[in-house]
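Visitor: Residues per chain are reported as follows:
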Amino acid sequence: MTKVNKGFIVAALLLAVAIVAPIGQGNYITYTLASWLVFSIAAMGLNLTLGYAGQISLAQASFMAIGAYITALLTLSGWHWMAAMPLGVIACFIVGLLLGYPALRLKGHFLAFVTLAFNTLVFLVLRNEEWLTGGSYGLTGMPRPGFGLFTTMKQFNFYYFTLAVTVLAALVMWGIVRSPWGRAFTALRENPIRAESLGVDTRRITLLAFAIGSAYGGLAGSLIAPLVQFIEPGSFGLAHSLRILLMVIVGGAGYFGGPFLGAAVVILLPEMLRFTQGYYLIIYSALVIVMLIFVPAGLMGMGQRLREKFWPGRQQRADMAEGARLK
Amino acid sequence: MLRKTLWIATTALLSALGTAHAADTVKLGMVAELSGAGAPAGTNWRDGIKIAAEEINAEGGILGKKVQIDEYDTQTDPQVSRALVQKAIDGGAYVILGTIYSGSTMVNMLVAQQNSMPQFVGSESPAVVQKGNPFVFRTSSGAQKGVPALTAYFKDTLKAKTVGVAWVNNEFGKGGHTVFLKEMEKAGIKVIADVPSEQAQTDYAADVAKLKQAAPDAVFVYMNQEESARFLIEAKKQSLAMPLVGEVTLTEAKVIELAAGSAEGAIAHVGLTATATDVPGIAAFATKFEATFKRKPTHDAIKGYIGAWTTKYVTEMVGKFDGEAFSTRMHGLCLKVADHPKILMDTCWDDTGEMSRPSFMVQVKNGTPVVIGQVPAN
Amino acid sequence: MSQFLQVMLSGLATGSIYALVAIGFTLVWQAAQTVNFAQGEFVMLPAFFVLAAMKLLGMPFWSALLLGLAISLLVLGLLFKKLIVEPILPHGGITLIIATMALGILLKESVKEFYSAEAQPFPSLFPARHLDFHGAVLSLQDIFNLVLCLAIVVSLTLFLNRTRTGRCMQATAQNPAVAEILGVNVKRMILYTFLINAGLAAIASFLITPVYLAKFSNGESLGLIAFIAAIVGGFNQIRGALVGGLLIGVLDNLTATYVTAEYRAALPLVLLIAVILVRPQGLLGTKEGRAV
Chain R
33 MTKVNKGFIV
43 AALLLAVAIV
53 APIGQGNYIT
63 YTLASWLVFS
73 IAAMGLNLTL
83 GYAGQISLAQ
93 ASFMAIGAYI
103 TALLTLSGWH
113 WMAAMPLGVI
123 ACFIVGLLLG
133 YPALRLKGHF
143 LAFVTLAFNT
153 LVFLVLRNEE
163 WLTGGSYGLT
173 GMPRPGFGLF
183 TTMKQFNFYY
193 FTLAVTVLAA
203 LVMWGIVRSP
213 WGRAFTALRE
223 NPIRAESLGV
233 DTRRITLLAF
243 AIGSAYGGLA
253 GSLIAPLVQF
263 IEPGSFGLAH
273 SLRILLMVIV
283 GGAGYFGGPF
293 LGAAVVILLP
303 EMLRFTQGYY
313 LIIYSALVIV
323 MLIFVPAGLM
333 GMGQRLREKF
343 WPGRQQRADM
353 AEGARLK
Chain C
24 MLRKTLWIAT
34 TALLSALGTA
44 HAADTVKLGM
54 VAELSGAGAP
64 AGTNWRDGIK
74 IAAEEINAEG
84 GILGKKVQID
94 EYDTQTDPQV
104 SRALVQKAID
114 GGAYVILGTI
124 YSGSTMVNML
134 VAQQNSMPQF
144 VGSESPAVVQ
154 KGNPFVFRTS
164 SGAQKGVPAL
174 TAYFKDTLKA
184 KTVGVAWVNN
194 EFGKGGHTVF
204 LKEMEKAGIK
214 VIADVPSEQA
224 QTDYAADVAK
234 LKQAAPDAVF
244 VYMNQEESAR
254 FLIEAKKQSL
264 AMPLVGEVTL
274 TEAKVIELAA
284 GSAEGAIAHV
294 GLTATATDVP
304 GIAAFATKFE
314 ATFKRKPTHD
324 AIKGYIGAWT
334 TKYVTEMVGK
344 FDGEAFSTRM
354 HGLCLKVADH
364 PKILMDTCWD
374 DTGEMSRPSF
384 MVQVKNGTPV
394 VIGQVPAN
Chain Y
14 MSQFLQVMLS
24 GLATGSIYAL
34 VAIGFTLVWQ
44 AAQTVNFAQG
54 EFVMLPAFFV
64 LAAMKLLGMP
74 FWSALLLGLA
84 ISLLVLGLLF
94 KKLIVEPILP
104 HGGITLIIAT
114 MALGILLKES
124 VKEFYSAEAQ
134 PFPSLFPARH
144 LDFHGAVLSL
154 QDIFNLVLCL
164 AIVVSLTLFL
174 NRTRTGRCMQ
184 ATAQNPAVAE
194 ILGVNVKRMI
204 LYTFLINAGL
214 AAIASFLITP
224 VYLAKFSNGE
234 SLGLIAFIAA
244 IVGGFNQIRG
254 ALVGGLLIGV
264 LDNLTATYVT
274 AEYRAALPLV
284 LLIAVILVRP
294 QGLLGTKEGR
304 AV
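Residue numbers (our numbering), protein chains in the order written: chain R, 33 to 359; chain C, 24 to 401; chain Y, 14 to 305.
Calculated directly from the structure, the hints in this document are not laboratory data. It is possible that some hints are incorrect.
Derived DSS-like pairs (lysine-lysine); straight-line CA-CA distance at most 25 Å [to be verified]:
1. C:209 - C:178
2. Y:125 - C:73
3. C:89 - C:388
4. C:317 - Y:68
5. C:154 - R:186
No experiment lies behind these values; they were computed from the predicted model shown.
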C-alpha cells in the first residue's frame, strides 16, 4: 500500500511540474510540450500492446491518422471536438479488433507484419481518396475546441486542455491495468503459459490490449488535428509508427511512466542534441542499440537498477522486474 | 520530467544568450528540409543563402546590421516545420527563409502570417499563394505559372495533338499535374496517357511501357530529381521515341549526372537555371557556389540566394526592419537587374506573393543543358 | 501484347532482386528466429562502400567492388552478428527486432551525413546493351539478374542439402540444442548464415544500384517489399523467397499497368494480409512445429 502512496506522490509532483512548465515560456516551447503530451498518449497505448501484451504494433501512427482525420473532418463540418473525438477513438478500437483478430490467431510476430502493411495502406487511402481526405494537400484550419468562456485557440490554453485530456487518459489506463479484469494483462506479461493454464484466455486479452492501445492512438490523433491545425498523409507514415515504438522502448516498455519519459526523450532530443546538427538521429539510434544491449528495460529499467544498487533493501515486486523484460 | 524542464530552461537560457549581442545583427530564420526526403533541396537552399549572407555582409549588411543565418531543420516533417517557424520567430528572426516542400509551407506559413512575418518560400505548389496570406512570397514561379509557359511549346513548337503525362503522386507532382491537365484542355491537346508514380519509386518499367503503348506526340514529365533520372533511364531502355518535356527538374545538372546518357534530348522549361550562364549574375553565382561547396548549384540554391538578397534590397527600400511595411512594399514590386544586380534577372511579385520573371526552354545536348529559347514573363 | 511481355519480363527482373533480398530474410529467420528490419539498408549500404573506395581511395571499379563485398561481409555479416545479434538475442526476439529497426535508422542516417544526402550514379557491371524480345526490351543487366538469382537459389539449396556444412546449418536452424549435442559447431553455423546474408545483400546492391541510383533512403521500400516477398513465399524456405520475390515483381508491374497506378503500392500489402489469413506459413512454406 505504501508503494501506491509513493507512486501517487511522484505522479502528483510530476503533474505539478507539467502545470508550471509552460509558464513564462514562448509559444514554441509550449507547443513542444503539448506535442510531448500528445505523443505520450499514443505511446501509452502502444505500451499496453507492447509492454503488457508483448506484441509489436507498427501501425500506431496510422491509428493516430484515423483519429486525426475523423476529428478533423467532423470539427471542420461544425461538430464540437467533444463529440468528434469519441467517434475517432471508437473507430480505432473497432479497426484494432478487426486487424488484430486474424493476426493474433497465430503465434509469432504476425501482428507486426499485419500492422506494417496496414500502416502503408492507410497512407495510400488518405493520399488517393482526395474527395474525402484532401489527398496529399491534407486538411487545414481545424478549429480548436472552446468550452464556454475557456477557448483553446491560444497556445497556453490548448496546452492545459491537452494536459487535462492526458491526465484523464492516464487515469483510465491506470484503472485498466489495476482493475481485476486488467490484472489479466499483468498475469499475461508475467508468464503467458501460466496465465493460460490458470484459465486466462490469452488471445482474447492480447486482442483487447491491442484494440485499447489503438484507441489511445486515435485519441492522440484527435488531439494532433487541432494542435497542428494541419494534417496530411505523410505525417502518419511508417517512420512515425517506428518513432512511437522507440519512445515506448526507450522509456521502458511495461512501466507505467515509460511512455512519458520516452516521448519526452524523442520529442526533446533534437533540442538537446542541437549542437550535433545533423548527427542527432545517428547518435539517438546508436544510443538505442547500446541501451538494448545493456538495459533492454529502457530508462525506467535503468533507474530501477540504479535504485536497487544504492538502496538494496527495497525489494521490487517480482512482476515489475519480469514485465520489463520483453517477451 | 524534471530533466526535461532543466533542458528547456537550458535551451531558453542559451537562446537568451544568443540574443544578447543581437543589437548589431539581424537574424534571418532559415527553416528548411536539411534532413529527411527533402534534404537535397533543403541543403542547396541553405547553401545558396549562405553565399548570399556572405556577400551581403561583405557589402555592409542590411541597413548597417550584419546578417546572421539561424538554421532550423524541419526533417521534412510539416509538423516540425510549423514548430520551428514558431521557434525562429521566438528567437527574434526578421524574416523566414523556407520551406521548400509545399506540404510544410502550407502549414508553417500560417504561423508566420499570425506573427506578421515576411516569408520567402521555395515551394511551387499553386495553393501557397491562394490562401490570401499577405506575408508569403515565392522565389520561383508556382506551377500554375510555370506549367502554362510550356503550353505554347507543346502547341506551337512540337505541334502535339496528343500528350502523355508522367508525374510523381505527392503534393509537388499533384500541383503540376492539375494545372497541366487544365492547360491541355484549354489548348485543345488530348491527354491520352496519365501515369502517376510513387515518391522514391525505383522501377519505372510499367510507367514507360504504358506511355509507349499509348504513343502520344510528347510526354510531360513532372517528378523530383532522382525519380526523373530513373524515369529517363527506363525511357531510354525501352526507347521511348517522343520528346520528353519537363518543368525545371528534368534537365537539372543532378538529373543529367544521374541519368548519364539517358538524359540526352530531354527538354525543360526552367526559371532560373544555373546553366543559363549567359546571364552574368547566374554565372558568377554558379562559379562561387562550386568553389565553396565543390558541387554544382541547383535551382533551389539560386532560389535561396534570391530570397536572401531580396530581403536586403526591399528592407533598404523600406528603410527600417518592419515586417508589415516590408510585405506591403513587396506587393506589386518589380526589381530590375540594372539596379539590383543580385536579383539575377528582372523579377516581379504580384499581390498574392506569386512572382514572375523571364524563363528559358533548355534541352540536354551532349550532356549539358543548352538554352533553346526564352519565354517572356507572364 | 508487347506491352504485356514488357511488364512481365521487367517484373521478373525486378522480382529476382526482391528474391535475393528475401532469401537473406529467410536465412536470418532460420538462424536467429528474428526479422532483420535493417535488411533494406543492408542492400543500400554496399554500393556506398564501393563508391567510397572509388572516391576516397581512388580504386578502379572492379577492385572497389571486391573491397565493397569484403567490407559488407565484415560489417553486415560478422559485426552485425557479434555486436548486435549475439548480445541482444538473450533479451528476446522482440528486443532484437527493435534493435534492427534502430540499426536501419543508424545506417541510413550515417550514409546521409557522412556520404551524401543526394542520389549518386553508380557504374553498371554490364555494357548498356538492350535486347529486343518480341517488342519487349530487356537489358543485359535484367537477364543477368534473373540468371544469377536462379543460380543462387539452386546452389544454396544444394549447399544446404548436400554438403556436410549445409546440413549442419540446417540442423542448427531446426534445433540448436540438439545440434550442439550432436557435435555441430552451432556458433560457427550461425556465423555462416549471417555471412551468406551479407554476401547476398552486397550482390543485390551491386546489381540494382546502377538502375536505382545510390541513395541513403533506397532501403526503405526495398526492405519492406523483400520482407513481404519472404512471408508470402514462406519464411522458412529458400524456394519460397524466390517465388514470393518473382510473384511480387510481376504482380506489381501488372497492377501498375492494367489496374491502378495510385494503389500499386497496396498490392504487396494486400497479398501479405491475404496470405496471413489463408496460409500463414506462406505459399511454399512448411508449418513450423514450435512456437516462435
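Visitor: All the hints need checking, so say for each whether the structure fits it.
Guide: Verification of the supplied hints:
1. For a cut-off of 25 Å, the pair hint linking residue 209 (chain C) to residue 178 (chain C) stands: about 11 Å separates their Cα positions.
2. Of the pairs offered as hints, the one joining residue 125 (chain Y) and residue 73 (chain C) holds, with about 21 Å between alpha carbons and a cut-off of 25 Å not exceeded.
3. Between residue 89 (chain C) and residue 388 (chain C), the direct Cα distance comes to roughly 43 Å. Violation of the 25 Å bound is thereby established for this hinted pair.
4. For the hint pairing residue 317 (chain C) with residue 68 (chain Y), the CA-to-CA distance comes to about 14 Å; that is within 25 Å, so the pair holds.
5. Our distance criterion of 25 Å between C-alpha atoms is met by residue 154 (chain C) and residue 186 (chain R), whose separation comes to about 22 Å.
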